[in-house]
Amino acid sequence: MLTIKQTLTSFAIVAAFAATGAQAATEIYVTNSTNVSEANPEGAVKISDGTCVQTGSWTAEAAKSVKGCQGYVAPAAAPAPVVEAKPAPVVPAPQKTAKKFELRADTLFAFDKADLKPAGKDALDALYVEVQNMNPTDGVAAVVGFTDRIGSLKHNQGLSERRANTVRNYLISKGAPADKITAEGRGPADPVTGDTCKNVKPRAKLIECLAPDRRVEVTVSGSAVVVKQ
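Residue numbers (mature numbering (1 follows the signal peptide of the UniProt record, and there is no 0)): -24 to -1, 1 to 205.
Among the hints, erroneous ones may be present.
Stated by the list, open to error - For each label pair, taking beta carbons as the anchor points, the in silico distance ranges come out as:
1) 170 to 89: 23 to 33 angstroms
2) 113 to 51: 54 to 64 angstroms
3) 102 to 129: 30 to 40 angstroms
4) 158 to 106: 13 to 23 angstroms
5) 89 to 66: 29 to 39 angstroms
6) 72 to 179: 41 to 51 angstroms
7) 153 to 131: 45 to 55 angstroms
8) 170 to 129: 13 to 23 angstroms
9) 59 to 145: 55 to 65 angstroms
Claimed, not checked - Calculated cross-link-like contacts (lysine to aspartate or glutamate; reagent style DMTMM-like; alpha-carbon spacing at most 20 angstroms):
10) 150 to 98
11) 156 to 78
12) 89 to 193
13) 150 to 91
14) 72 to 114
15) 76 to 106
16) 75 to 114
17) 130 to 160
18) 97 to 193
19) 72 to 106
20) 130 to 166
21) 130 to 98
22) 156 to 193
23) 156 to 166
24) 75 to 166
25) 75 to 91
Hint data in this document are derived by calculation from the structure and do not stem from the laboratory.
Glycine residues also receive a C-beta, built at the ideal position from the N, C-alpha and C atoms.
Model the full structure from these sequences, guided by the hints.
Okay, structure coming up:
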C-alpha cells in the first residue's frame, strides 16, 4: 500500500508528464514528428491541422517559406518565356524591266505586203504568250516596223507603218490593251546588214541579203518583281 507521500509523488510525476505531453502537442515539434505535414529545417513548421507553430530555431526569414503561416512570402512567378518575333518576310521591290522581241518580216508578211501570213499569226501568238508570262506592272508595248532599202523612201516608210499597225492590231485582238501599245514605222532606217550587201546586184539575191533589215520589233517594258532563285 502506497503512503500518502508516495501517492503525492506519483501524482506529481504523472502531472509533469502530462504537462510535457501537452507542451509537445501544442508548441514543440520536430521535423520527424507525425504531427508535422510541412517542415523547414530552420525551425518554422506547419502541423497537420493547419496550425503554425515555432520550434526553438524559428526565424522570421524561415517562416517566409512555409505556406499558410504568418510571414509567408509566395515565390515570384516565373517570368513568361520570351518569344522572339519572326522577322517579316522581305518583299523585293519591283524593278524596271524591258524586253525586246524581234520578228523577221519575212515570217510575218509576204515581200512588200502588210497582211499577216498564217506563220506570222503563229509567231505573234507565241510572242503574246511570252508577254503574258512577263506580267509587268503598268506594262506598255512599242511596235516598230522596218524595211530594207529597196524602193523609194516614201514607199518604205508607209510599208513599215502598215506592218507595225498590223502587228499592233493583232496583239490587241488577242487581249492586249489598246491604250498600252503603240506602233510606228521607220522605213529603211537602222539597217542591221550594214555594208554586207552593197556589192550584191541581182535583185533576188539582194532581197535575200537584206532580209534581216525587214523586221518588226516589239519592246515590252514595265515593272516586275525579280525573284532570285
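Here is what the structure says about each hint:
1. 170 to 89: 23 to 33 angstroms: holds (26 angstroms)
2. 113 to 51: 54 to 64 angstroms: About 59 angstroms separates the Cβ atoms of residue 113 and residue 51, which means 54 to 64 angstroms holds.
3. 102 to 129: 30 to 40 angstroms: holds (32 angstroms)
4. 158 to 106: 13 to 23 angstroms: Between residue 158 and residue 106, where Cβ atoms are some 19 angstroms apart, the hint holds.
5. 89 to 66: 29 to 39 angstroms: violated (52 angstroms)
6. 72 to 179: 41 to 51 angstroms: The hint (41 to 51 angstroms, Cβ to Cβ) holds, given that residue 72 and residue 179 are roughly 44 angstroms apart.
7. 153 to 131: 45 to 55 angstroms: This hint is violated: roughly 32 angstroms between Cβ atoms.
8. 170 to 129: 13 to 23 angstroms: holds (19 angstroms)
9. 59 to 145: 55 to 65 angstroms: holds (60 angstroms)
10. 150 to 98: Holds: residue 150 and residue 98 sit about 12 angstroms apart, inside 20 angstroms.
11. 156 to 78: The given pair, whose Cα atoms are some 19 angstroms apart, holds under the 20 angstroms limit.
12. 89 to 193: holds (17 angstroms)
13. 150 to 91: With a Cα-Cα distance of about 17 angstroms, the restraint between residue 150 and residue 91 holds, given a limit of 20 angstroms.
14. 72 to 114: holds (10 angstroms)
15. 76 to 106: holds (11 angstroms)
16. 75 to 114: holds (14 angstroms)
17. 130 to 160: Roughly 14 angstroms separates the two Cα atoms, so the pair holds.
18. 97 to 193: holds (15 angstroms)
19. 72 to 106: Cα-Cα ~17 angstroms, so holds.
20. 130 to 166: holds (16 angstroms)
21. 130 to 98: Answer violated: residue 130 to residue 98 is near 30 angstroms, above 20 angstroms.
22. 156 to 193: Given that 20 angstroms is the threshold and the Cα spacing comes to 16 angstroms, the pair holds.
23. 156 to 166: violated (25 angstroms)
24. 75 to 166: Within the cut-off at roughly 19 angstroms; holds.
25. 75 to 91: Answer violated: residue 75 to residue 91 is near 25 angstroms, above 20 angstroms.
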